[in-house]
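Asks: Top to bottom, those sequences are chains A and B.
Take 1 as the starting number for the first sequence in the UniProt record's numbering and just add one per residue.
Take 1 as the starting number for the second sequence in the UniProt record's numbering and just add one per residue.
No lab work stands behind these hints, which were simulated from the structure alone.
Every clue listed holds true.
Once the Cα atoms are required to be at most 30 angstroms apart in a straight line, the calculated BS3-like pairs of lysine-lysine come out as:
| # | chain 1 | residue 1 | chain 2 | residue 2 |
| --- | --- | --- | --- | --- |
| 1 | B | 16 | A | 189 |
| 2 | B | 38 | B | 16 |
| 3 | B | 83 | B | 63 |
| 4 | A | 6 | A | 52 |
| 5 | A | 107 | B | 125 |
| 6 | A | 107 | A | 52 |
| 7 | B | 38 | A | 6 |
| 8 | B | 16 | A | 6 |
| 9 | B | 125 | A | 52 |
| 10 | A | 114 | B | 125 |
| 11 | A | 145 | A | 114 |
| 12 | B | 125 | B | 63 |
| 13 | A | 189 | A | 152 |
| 14 | A | 103 | A | 39 |
| 15 | A | 145 | A | 103 |
| 16 | A | 152 | A | 107 |
| 17 | A | 39 | A | 107 |
| 18 | A | 114 | A | 152 |
| 19 | A | 39 | A | 145 |
| 20 | B | 125 | A | 189 |
| 21 | B | 111 | B | 125 |
| 22 | A | 145 | A | 107 |
| 23 | B | 125 | B | 16 |
| 24 | A | 6 | B | 83 |
| 25 | A | 52 | A | 39 |
| 26 | B | 125 | A | 6 |
| 27 | B | 38 | A | 189 |
| 28 | A | 52 | A | 189 |
| 29 | B | 63 | B | 16 |
In silico negatives: residues of chain B with every beta carbon more than 10 angstroms from chain A:
| # | residue |
| --- | --- |
| 30 | 13 |
| 31 | 35 |
| 32 | 50 |
| 33 | 60 |
| 34 | 63 |
| 35 | 73 |
| 36 | 81 |
| 37 | 88 |
| 38 | 109 |
| 39 | 110 |
| 40 | 112 |
Since the structure is predicted, the reported quantities are computational estimates derived from the model, not experimental observations.
All C-beta atoms in this analysis are idealised placements derived from N, C-alpha and C, irrespective of residue type, glycine included.
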Amino acid sequence: MTITGKLVLRTKCVVLGNSGAGKSAIVQMFHSDGAQYPKTYAMTIHCDVCVKVVNIPDTNVSVELFIHDLAGYDAFQEYWPRYLDGATSFLLVYDVTNVESFKATSKWLHLVQKARGAKDKDAIGPGVLVATKIDQTLRRAITTKQGEELAKALGLMYFECSAAGNTDVDAPFYYVSSAFYDLYEENLKNVRRIAGVPDEQPATSLALDKLKPRQQSGDSL
Amino acid sequence: MPSAHENRALASAGAKISMVTSSDTSHPVDNMIDGNTKSFWMTTGLFPQEIIVSLPTLISITKIIITSTKVAHWTADISMNEKPNHFERLTAQDVDDGDQGFQLVTLNLPKSDNTARHIRLGITKGHGPFVSIHKIAVYGNEPTVPATGPAATEE
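In isolation and in its complexed conformation, chain B is listed as follows:
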């Protein structure tokens, strides 16, 4: 079983990108979840832009770290459903320009329980006309069985 220190948003671990709002086939979307910051996905103009990351299983998220350039504002929503729908707002935060380097952003997780199957990331503003996303890393555990679960089976 994978530990909490492992990145769950890896294509090799079964994660995938369910949706993006722009695409350049020379820089495919899977570049964001290949665990490598050298490869990237870049927007092709205009904001907002969105990405939906679908995890292989439900994960109780403890940390989301994104490597990017020129993003000015992140929004994040999560969904626990099998299909990527009924999202709930997780966070919205401004990002400083990385100037000549990467932006390494750790998203705020205000709630104690952030269990999700899908993460919808939104870029509403950029520090330039285009932004690039190099790596999305999601850490967390498989959720513990809900308290009602065992009680129900005991009956």
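Excised from the complex, chain A in its bound form:
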């Protein structure tokens, strides 16, 4: 693959969960590569948006995450469906020291499912369950086992992290990015099937296919 062969995928990634669960803390730590931990609490108003590029290892693919850090405070609930519209991945967040936030995860997932619409189950793409504040060992109310069981019941991957301790904050975002790339490849397979193109092409013919159109389009673009 040449330099021009770089593939950029884009996903709207919504981060949701109860107010105070630590959504903004993990988003800001991930976005700043661990440099910006919000030491004081600032309630998110409506929705904060930031973009972060994740390179998929051993490929020429990068995923641009358009992270939508949703306000979890109830006053904004009439806006939640609007912010979820067009989302193609999500992080469902709860706080391990707060039982209410753990219980509320099913409510949040229901919101995601509603935005998906009944027809297309995969419309919102990959999602993960993220447990935050694991550095608070003494105050911890929800165990890893409970979290894993919930994730299994909801059909999501389980991650736990601490923004304050800068522990494993990146992992759920990396997982979502890589799962989104898998979704793209899967979609590509499906489109090839509809178009009646053989799926597995030998590597040599693939390389040739790539050379041919580039020569043609060189002067026209």
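Chain A is already provided as a structure; the job is to place chain B on it using the hints.
Replies: Relative to the frame of chain A, chain B by itself:
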């Protein structure tokens, strides 16, 4: 001279794609105007997405047919200018999911005169995270000389 039954949006006839909003070099944009539904261009995530098809000459368009998958809403604008600017709305229409097959969409042409050099196609929604466009076919005639044309030369 090409007849009205010939597809004008063919790279081999001089048409080109002036702009797209996403690209995967394994599925280049010219795949949409190679006249073949086996090859395609696919979006790489998020909406809206746009494509500008530039025709070799001014064409009085009689029909636009698009072969695609997972498009939920098309918009189309046309421009008569040499450069792709000052577009005017042609149509906006919803598209049903093709489920396990192609969507074959004929765009509505509400006006009687749809003369254009450039066609801007917009996808504002999809039935899935990605949509693919396999073929864009544009039919029409070279516009007849405007009525004022001969009169002006006679003077």
